[in-house]
Amino acid sequence: MSNIVIDKTKCKACYLCIKECPKGLIKVSKDTNSLGNNVVEFADAKNECLGCAMCAQRCPDLAIIEVNKG
Amino acid sequence: MTTQVFKIPDSFKKDVRYTFCPGCDHGVAVRLVAEVLDELGLTQNTICAASIGCSVTIYDFLNIDTIESPHGRAMAVATGVKRAKPDKFVFTYQGDGDFASIGLAESMHAALRGEKISAICINNTTYGMTGGQLGPTTILGQVTTTSPTGRNLEYYGYPIKIAEHIALCDGTAFSARVSLDTVANIKKAKQAIKKAFEVQMKGLGLGFVEILSSCPTNWKMSPDKAHQRVREEMMPVFNLGIYKDVTQS
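If you read the sequences in order, they're chains A and B. Take the position in the first sequence, starting the count at 1, then add 243; the result is the number in the working numbering. Take the position in the second sequence, starting the count at 1, then add 93; the result is the number in the working numbering.
The shape of chain B in the complex, shown without the other chains (with noise of 0.2 Å):
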């Protein structure tokens, strides 16, 4: 008796190849995305409100209606989807650098008015797409092409901890940092973008969920060291953890 343990999700579209580098964790972001439409049954009630970066290539992949949003606004784009048509379940998907920098007012002021909403923002402390800027989550010393000498702290000041500053907005129902960088993590991820799901569904507020991904492209690195990188430097400065979860208090 043999019993498949793993397959491509049922939201994953058919004969479809990822356009993202060799070892990027947005692939399995992705996945995690779409394993979790199907188990809560939400592919064909879901609007996804796209970014701009790496993570808007989402709507390649996935069978879910998608609509695009100028840059840092999809939260902004996905409140007014929302709330045109309540029956709809609906999600963002960004980078850090469109969630936390260029939407920043957008993102916090969708958790302060606490939209039932859900939003994945993948954390890589650098603007992809464009080639490794120095973005919000850049961590201190770290080398961008815009930080050649590493982010100085008098100069570029602190990264941001968007999932802290998330949880503290009182709309928030749901907030969590999590990481790809192991499988056992892949798992919590799983468990938290689940989570971060549910609480729209029963109409609690914001569910986020930050995910410390790696970039071997920008970093220059391999797959493997990229991950040893979101272990030994990330998540010191980055902790994982669930920051605030209304339905355990």
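Isolated chain A, as found in the complex (with noise of 0.2 Å):
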């Protein structure tokens, strides 16, 4: 089962990343962080994640700390 983990403090919302993600699993969260940035938040039910990485690779910010593919 792949997965990504998202650091939220470093997320700058850009939105970069939900563009990237071929399975949409990536969405805009109602959470904010310490930038008052509304952040990104992965959401995989069906355990769509491919583990590809574009997301991580897109992200300006290293937001997305780790991407582990299974």
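Note that these hints are calculated values from the structure, not bench results. Relax, there's no trap hidden among the hints.
25 Å max Cα-Cα, derived DSS-like pairs, lysine-lysine:
1) A:251 with B:318
2) A:262 with B:313
3) B:100 with A:266
4) B:100 with A:251
5) B:281 with B:295
6) B:281 with A:312
7) B:281 with B:318
8) B:100 with A:262
9) A:312 with B:280
With the Cβ distance kept under 8 Å, some of the chain B side facing chain A (calculated, not the full set):
10) 94
11) 96
12) 99
13) 100
14) 101
15) 113
16) 115
17) 118
18) 121
19) 317
Covered stretches of chain A (in silico footprint by chain B; criterion: 3 or more residues with CB under 8 Å from a CB of chain B, positions within the stretch not fixed):
20) 257–265
21) 287–300
22) 304–313
Quick reminder that beta carbons are idealized off the backbone N, C-alpha and C, glycines included.
Got two chains here, separate frames each, mind docking them using the hints?
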């Protein structure tokens, strides 16, 4: 089972990762961080994540700190 | 069985947050540099000559020794460091204004001398940190805070094509222009950075990479639109490619 780990304290809400995910598993959250940004969240109820790491490669803030492929 | 396919590079400082604007490609470029330092085992043996501009903040993020340079003179400082400590891996990380306007003489002559250093130049067609003024790479027609009606050819002349100029210098071992607008191009950019680092390690001469990068804040665009601009407006002027690679000749 593949998954990603997001460090929400680093997210600056550019939302580039949302467009990059081929499965549409990253969404804007209602949560905000200390920067006041509506951070992104990863929701994969059906275990669809491919572990492709496209989101992490795209993230300009290294807020996606881990991608595990299984 | 789960395999970790992405992690924070070891060369990257723990628990630091980038101070770049949202969507800025500097963050991707610095991460690629950190990954290449990891892969080549250079972290403990590296000295970076930092610049002036947004690029200067690289020393806040990487676990390497860094020396600050006067504006534009990172290549001259790197030259001194490398000649004093030839066993060290030395690189500069600069913006286009720093590398190709204020520091053009230092950059060109380092290439002509064939200094065994590496240089990364972020080209976002503007002076980012100071508010988006016209820079040496501002393309014709581009509106900036100091060219409010767009870059005019008769008044300002043409933008400089850095990678091509550096490639023409006999002391250059590797010169390429890459982009960060797509994940595919990000992966190619990493390969180019690695090559620019390897030619220094082999003592072949200067390794140089110009990276086309977005500046959403000063371009007044969303991060996604800014990448579109890189593709549609910058790439036709600044063609991607490897302009010199002495290991292939």
